[in-house]
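Chains as they are written, first to last, in the working numbering: chain Y, 1 to 362; chain S, 363 to 919.
Be a bit skeptical, because a hint or two may be false.
[As the list claims (entries may be wrong)] To give an idea of the chain S side of the interface with chain Y (calculated C-beta under 7 Å), a few residues:
#1 V483
#2 S484
#3 P588
#4 S605
#5 P607
#6 T688
#7 F689
#8 G749
#9 P780
#10 Y782
#11 A866
#12 D877
#13 S881
#14 G882
Hints were generated in silico from the structure; no laboratory data involved.
These numbers come from a predicted model, not from an experiment.
Each residue gets a CB set at the ideal place from its N, CA and C atoms; glycine is no exception.
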Amino acid sequence: MGRVGRQRTFMLALWLLAFLVAVPAVQANIPQELIDAACAEGALVIYSGAGLDRTLQFAEMFSEVFPCIRTEVVRQASHQLHTRFLTEQRAGQYLADIIMHGNPGIFIQELVEGGFIAEYDHGHDEFYPDSLKVRNYAYPIFVYYIGPAYNPFLVTPQEAALLDSWEGITSPVWRGRMGLSVPSAGGTSYSAPYIFLRARRDEYGPEFMARVAANNPLFFTSQIPAHQMVVSGEIHLHPWGTSSTTGDLLQQGAPIAMKFPAPTPAVPTIAGMAKNAPHPNAARLFMRWAFSEEGQRASMDAFNTPVAYETLSHLPPPGYERMPGGWQPPRELLEIDWEDFDASLDAVVSEWNRIFGYLESR
Amino acid sequence: MTRAINTGAVVFSSLLVLLPLGAVIYGAFQTGIPGDPTTSFTLGNVAAILREPTFHRSIMYTALISGLVTVLAVAYGAALAWIIARTNVPLKPWLENLITVNNYIPPFVGAVAWIALGAPVSGFLNILWRTITGSTQPLFSIYSLGGIVWTMFLFYVPYAFLYTIGAFRALDPSLEEAAAVHGARGWVVLRTITLPLVKPALVSAAVLVFVLSAELFSIPGLLGGPVGIQTLAYRILLAIWNSPPRWPLASAAGLVLLVICLIGIYFYRRSVRDERRFITVTGKAYRPRPIDLGPWRWLAALFCWVYILFGVILPLGAIGLGSLMTFFAPVFRPEFISVRNWVRVLNEGLTMRALQNTTLLAIITPTIVLALALLLTYLIVRVKIQGRGVLDYLLTLPVAIPGIVFAMGMVWVYVRTPVYATIWILLLAFVTKFIPQGIRNLNSAFLQIHPELEECSATVGANQWRTLWDITRPLLQPTILATWVLIFVSTVRELSASVMLYTARSTTLSVLIWDYLDSGEYTLAMVLCVMQVALILAIVLLARRLLRIGMARQEPG
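Starting from the given sequences, assemble the full structure and let the hints guide the process.
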């Protein structure tokens, strides 16, 4: 066996040892009565606004630790999922145990404050920053970092260096080479325009946005097609991509890279337990596992994006070792006031549409 | 007993349509969604549609694109139907099966395939063009009005084909022979004899293609959105997708499309008012003979194969190749080719569940729809029940409301019932949605059949059911099969209702494909699309073989 083979065997043994230690470690922190009660229920239904395959993988990881619980995933885009959940809850159709989506503002305002999310202390609260949680109600499963995503085969190193600062996306070198997800899609697509037209308006403002608009970008309804077009080479730059989508594509070997100029928006996908969960013990067990260190490691592996758990937040997500230059963590994360984030959406999007000549009216 | 069943069918079908439609109309005049305790009455949503210049532009784009697509698709589809049904074009069974394959591809996947083929920089066809010619400019851009019309035209040709082939097959050739005896040839016979006789089928196809293309959001959205072309259906989707979702506005915009549909049905009913003009099937027996095109049959074959190349081979090729790639892009290197997508999808438990649910729904739905549509059309066209005009309009309405809005109406109606969150609400939604297709197709077929055949049956003592089964059904068999196939395919491909109403246990192939695409897992979606096309093709070929329908048709009388 050669040197590489010996190294691989050693790593495999380490992982096996960690697994043998980790599984009992996770279970050691969870009351046996809860595990027994959850197993008696035997099922867990997750409503997810994240990627289907990624959520299925995350759910499978939970089922590997607790094989007595069968997981089911219902996946829709965040807004539709939110409306569906609300409609069902108001009609007394209690189908979801866990709901998770990437619009923290309406999650908090309508679901948590509306009384649809159960209060539950999963025991890991102190490991999460206050700006990304509602104590005992909603916590981030993972976090999207937002920054320029580009095709490294079609962008020169000098052009890529421009993207170390947000100012770089206004450069005329991107004229005819840019596409972007429109901010009316909300969530991650809205986060960067929110910085420029609201949170740091004094620093950037409409004139900054007008210089981006002058690059004549193509418009995409969401992050996914915009990233796909970067990979295919149809566009060379998407100015506000997400770390998760880029990570997924890097795992597939696609030609894509990403930078995180300061300030970097961090948009969490947050999760909570439904107040009238049909399998409440399985839901509690999931919350205990998903927000533990082991569950957060599983989240990084499944969703290819950073997590907010204190001891893991500095780690590079899988796939980024393939990126030219490797993982370069953000220098400054923007702390977002989620109430203002949602309240200002109409005004910011209307202004953005006017600047870019995007036809949709509000 | 017969009267009770007839009444029951009319009431059941009417309620199926009226309940969700009523919820949509109610929702259009509310500030929030039904069930929201803070919602109140408002005219603001409708006012926004009528007042905003951007909505006027969307309505204009809708009318323009749907109009162009309808004219082109019906002309080409009807021509294909005439060639297959009435001439001696070679390889006819192959052509008939291949022409409809594009119909098996979900429109949103077809749009992604055409982006892979026709994107101005990275599209495969443009790369090929630049390589061959040395040009720096693309041959065409799929992100354009022309690109939208082109892709939708390819998508709707099979609809027009399936809607008209039954009518061409049912034509009594003696009428054309009589014209020929009097010296009329070729194009003159086609224009003055054949086309007027199949006018109900042509108009029916045109109305449905126009309405269906007006409510389609995926192709205009994916191809027009990047360059600012927004149809009304796409605006409705954005109203639902964007943050925050605006369901009342989407409902109000859906009502605008409903008005367009009503206008279309009105013109259809006017054009077929004197039904005696379209009768071609009578008590006299006849045997169809294919028209000998001579050397022109090779041109006719080319006409068919050109469509098959652009409508079937190219997009399916892009999808098949995409299913074998590690990421979806025109980068053809061996290290990016892999079967791991297939392994992942085939090992995923959700895939088998989706396959089972889809197959079950796709077999039951067209069967129920046809049974209902046959009875209801008979009541409208033959029995001429009171209120048949209103019933005819009512039963066509579901096709006019954008599927996703209509589905939300179904959620609002059924969310408090036991059928919600089961597979049966999907069945309800599909039957409601596809009744218009069944009725429109059977309606035009009925108009071709002289009532004397059914009157003879009644004269010798047969009741309504015996007449329907022994006389009417065999005469309509080509149309019934074509309609069953169309609705079967539509059910397998259906997305807009499924995505609103499914649960993890009732997930379908279309929902799974959509979820993978929406999540950025394009290559996994391509695997499922190949599986879906294969499933549809297998069932359709089996159905055709079992029922032995092709050029041979049942003899009347």
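Right, here's what the structure says about each hint:
no., hint, in the structure
1, V483, "5 Å, holds"
2, S484, "4 Å, holds"
3, P588, "4 Å, holds"
4, S605, "2 Å, holds"
5, P607, "4 Å, holds"
6, T688, "5 Å, holds"
7, F689, "4 Å, holds"
8, G749, "33 Å, violated"
9, P780, "10 Å, violated"
10, Y782, "6 Å, holds"
11, A866, "3 Å, holds"
12, D877, "4 Å, holds"
13, S881, "3 Å, holds"
14, G882, "4 Å, holds"
In the structure shown, a violation is registered for the earlier hints numbered 8 and 9, in ascending order.
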